[in-house]
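Given chain P, put chain F in place with the hints provided.
Number of protein chains: 2
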Amino acid sequence: MKRTQITLSESEIPEYYLNISYYLNKYLGKLPDPPLNPATKQPVGPQDLSAIFPMELIKQEVSLEEKIAIPDEVRELYKLYRPSPLIRAHRLEKMLNTPAHIYYKYEGVAPTGAHKLNTTLAQAYYNKKEGVKTLIAETGAGQFGSALSLACNFFDLKCHIFMVRVSYDQKPHRKTVMQIYGADVTASPSLKTEFGRKMLQTNPNHTGSLGIAISEALETVMKTKGSKYALGSVLNHVLLHQTVIGIEAKKQMEKAGEYPDIIIGCVGGGSNFAGISFPFLADTLKEKNKTRFIGVEPTSCPSLTKGRYQYDFGDTAQMTPLLKMYTLGSDFVPSPIHAGGLRYHGMSPLISFLYNEKLMEAIAYDQKQVFQAGIDFARCEGIIPAPESCHAIKAAIDEAITAKKEGKKKVILFNLSGHGLLDLNGYDKFLHHSL
Amino acid sequence: MKRTQITLSESEIPEYYLNISYYLNKYLGKLPDPPLNPATKQPVGPQDLSAIFPMELIKQEVSLEEKIAIPDEVRELYKLYRPSPLIRAHRLEKMLNTPAHIYYKYEGVAPTGAHKLNTTLAQAYYNKKEGVKTLIAETGAGQFGSALSLACNFFDLKCHIFMVRVSYDQKPHRKTVMQIYGADVTASPSLKTEFGRKMLQTNPNHTGSLGIAISEALETVMKTKGSKYALGSVLNHVLLHQTVIGIEAKKQMEKAGEYPDIIIGCVGGGSNFAGISFPFLADTLKEKNKTRFIGVEPTSCPSLTKGRYQYDFGDTAQMTPLLKMYTLGSDFVPSPIHAGGLRYHGMSPLISFLYNEKLMEAIAYDQKQVFQAGIDFARCEGIIPAPESCHAIKAAIDEAITAKKEGKKKVILFNLSGHGLLDLNGYDKFLHHSL
Chain P
208 MKRTQITLSE
218 SEIPEYYLNI
228 SYYLNKYLGK
238 LPDPPLNPAT
248 KQPVGPQDLS
258 AIFPMELIKQ
268 EVSLEEKIAI
278 PDEVRELYKL
288 YRPSPLIRAH
298 RLEKMLNTPA
308 HIYYKYEGVA
318 PTGAHKLNTT
328 LAQAYYNKKE
338 GVKTLIAETG
348 AGQFGSALSL
358 ACNFFDLKCH
368 IFMVRVSYDQ
378 KPHRKTVMQI
388 YGADVTASPS
398 LKTEFGRKML
408 QTNPNHTGSL
418 GIAISEALET
428 VMKTKGSKYA
438 LGSVLNHVLL
448 HQTVIGIEAK
458 KQMEKAGEYP
468 DIIIGCVGGG
478 SNFAGISFPF
488 LADTLKEKNK
498 TRFIGVEPTS
508 CPSLTKGRYQ
518 YDFGDTAQMT
528 PLLKMYTLGS
538 DFVPSPIHAG
548 GLRYHGMSPL
558 ISFLYNEKLM
568 EAIAYDQKQV
578 FQAGIDFARC
588 EGIIPAPESC
598 HAIKAAIDEA
608 ITAKKEGKKK
618 VILFNLSGHG
628 LLDLNGYDKF
638 LHHSL
Chain F
208 MKRTQITLSE
218 SEIPEYYLNI
228 SYYLNKYLGK
238 LPDPPLNPAT
248 KQPVGPQDLS
258 AIFPMELIKQ
268 EVSLEEKIAI
278 PDEVRELYKL
288 YRPSPLIRAH
298 RLEKMLNTPA
308 HIYYKYEGVA
318 PTGAHKLNTT
328 LAQAYYNKKE
338 GVKTLIAETG
348 AGQFGSALSL
358 ACNFFDLKCH
368 IFMVRVSYDQ
378 KPHRKTVMQI
388 YGADVTASPS
398 LKTEFGRKML
408 QTNPNHTGSL
418 GIAISEALET
428 VMKTKGSKYA
438 LGSVLNHVLL
448 HQTVIGIEAK
458 KQMEKAGEYP
468 DIIIGCVGGG
478 SNFAGISFPF
488 LADTLKEKNK
498 TRFIGVEPTS
508 CPSLTKGRYQ
518 YDFGDTAQMT
528 PLLKMYTLGS
538 DFVPSPIHAG
548 GLRYHGMSPL
558 ISFLYNEKLM
568 EAIAYDQKQV
578 FQAGIDFARC
588 EGIIPAPESC
598 HAIKAAIDEA
608 ITAKKEGKKK
618 VILFNLSGHG
628 LLDLNGYDKF
638 LHHSL
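As they're listed, the protein sequences go chains P and F.
For the first sequence, our numbering gives the first residue as 208, with consecutive numbering after it.
For the second sequence, our numbering gives the first residue as 208, with consecutive numbering after it.
It cannot be assumed that every hint is accurate.
The list treats identical chains as interchangeable, and a pair is accepted whether it falls inside one copy or across any two copies.
To be verified - Below are the DSS-like pairs computed for lysine-lysine, each with C-alpha atoms no more than 30 angstroms apart in a straight line:
id, residue 1, residue 2
1, LYS430, LYS340
2, LYS531, LYS301
3, LYS209, LYS462
4, LYS497, LYS615
5, LYS462, LYS286
6, LYS233, LYS531
7, LYS615, LYS531
8, LYS458, LYS209
9, LYS286, LYS301
10, LYS301, LYS340
11, LYS209, LYS340
12, LYS365, LYS495
13, LYS209, LYS399
14, LYS286, LYS458
15, LYS233, LYS335
16, LYS565, LYS248
17, LYS237, LYS565
18, LYS209, LYS336
19, LYS286, LYS616
20, LYS286, LYS209
These are computed hints drawn from the structure, not numbers from a lab.
Same shape as in the complex, but just chain P:
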């Protein structure tokens, strides 16, 4: 009989995170340009970041070590839901009538339904260890907010979440999830911060953006004693934590007896894409194999495919350091698509660097195309994917169709970063032609 799920046992949860910077340094001889202090235009040092991040995460941000050990307490919590399954998409292949072998790594098994918990558990741990009392953050679609709320609950930290207003309205249940775990949730832009009030003055019906929500979160950290900030994507340490995905996937692909020709993930800030690809990219940098890495974004927020590679702020109020990244401009407000997790003007500096070095490719699709792909996938494989993940599915389907045209048995691996059970509004609109 066909093999469908490739299972790992609890003991095979990774014991370390993989640091791609080590490989870029060693095999490429180059690293991304560092973040700059906007006032001095000098590379930021720990003192620039210590107000918002604990020292251990600042160290991870700049580390060139190959591997960083996962703390026991974090790994214990990973056991609640990891290792995540790797599934061979037999039925999808059959529907497409393709010779390609399609695999997906399913991160939707996490209690909060997506990959974000992989980093929030680590971030909450390091903050707790350094005596922090409260974590404050923004969330777009709500997956990061949910995951941070749960991690803060596990480590007995308070949690305040600023949720992009359009998502707060479209996805009310995400708020309930965060409240179940004990967090406070505020729709952004809000009246709670100077910057939020300024945004609401210009437009009382402002739908919000991740850039604005980040600004509100940072402003609140600055004025709240014992608090720090937690980021859902973009920065190196967040991408580092997500490599548990790809490290497990490598073991699982070995058990399946195959190695991916193509690796695909959706890109918003870049963390789930990094998670699935970096452990394989390490091989590519070392051995110069021909694996292709494809990041997939929405046409309504095309940071890689239409952005400029330059220094820009990570947030709209221009409070963050300057990051060298593909950007649409820090004041860019994306249209209110349902894939809220991908509505970010910028991109991880690491991912941006890889794209600029042509070590990866990028492609953009519009909302209707990706929802159709999500429905096709649900009808083949059962899982209803998160709208963000639908972008990866669409690209995987297209690559499988190309493989069919070329008559080639390509091995395609994509990250199914989350399920869509808390995003059914979007599917409902798509089914009733009101997207």
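Relative to the frame of chain P, chain F by itself:
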């Protein structure tokens, strides 16, 4: 380090269903009283049921075989999400400061979020095999409707679902899930059937009940060519299919090196409870061990704890055979609690028989108690449980507290029959004190 998840591989998905009737017959020497034809008061024969069920399921309903092979095509589809995890609830134990060992079998990993898919895949398969074109059914909370929609999609059958109106209104996203899989969904009582129209005449704002929805589904089967009915619980063949849960759990408990002293599941129609307990009950009947089996129901629909053990109709229009079961009366309309899956006037004849024979216990809790248990569980273990499953959690917590008072290391196993991500309205109301 502590062991948390006990994982099985794909090859350990059961190859057969376990038939408790074989054990009741062999070791107890007794069987439940059979269903009766209401007109003749004689036991129903295949001819009474062949209009609504395919012959293979009718055979399973009355079989005394010990094991019934799971068809390859069904087992292939189980591979999409089984085996399901067995998880040791270390954090819950710690919070309760109990010497008890608590394990939960987590069926929420199914794409539709609960255990119902285990039976709908089998039912769709057998119907397809016998040339049926359409399956028609009722659903309460929507989990059965979702699972049947997906199964019909997999086996290329049409699917019509009558959804209890109060749940249709409280849980709009369930409708979207069913539509993603290609089913039609109607709120019940509806204008589509004679019985529905009659109910709406007596009360245009009727909140509906499973009993009424079953009547509408059956009436529609009678007048739709090439269609049959699918039941979510209650009947023997449905409970049979659910034994994959307990067969896996037995293997997992063996790997954990423990055997349960107490097994707990919520009871609406009885299928998830049967699923987790019957493979262990087989041991009890054979070896006369002291394992306790506890069914947990809502105080607002207390079929076991307050019902009468007698012949009654399975539906409100009195179209079904008479079933010997604990019943609150086929015209009973439960209050609109959020645990929609438990809002049924009757109970599986098998479960009813076991309760009457004192081979199991039953306990009832009210809605607020169980939501509090659900929140406590979510904060310990991460998973937000389905309101139905919260009943089992509450009982497990109470047994763990008793174990603490008695100073005994009891081994408690409960079925976490589903996650609650599509039931967040109920949690929201509980958190805001408007339940």
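(request) Go through the numbered hints given earlier and state which of them the structure violates, listing their numbers in rising order. (result) The structure conflicts with hints 2, 7, 12, 13 and 15, although it agrees with all the remaining ones.
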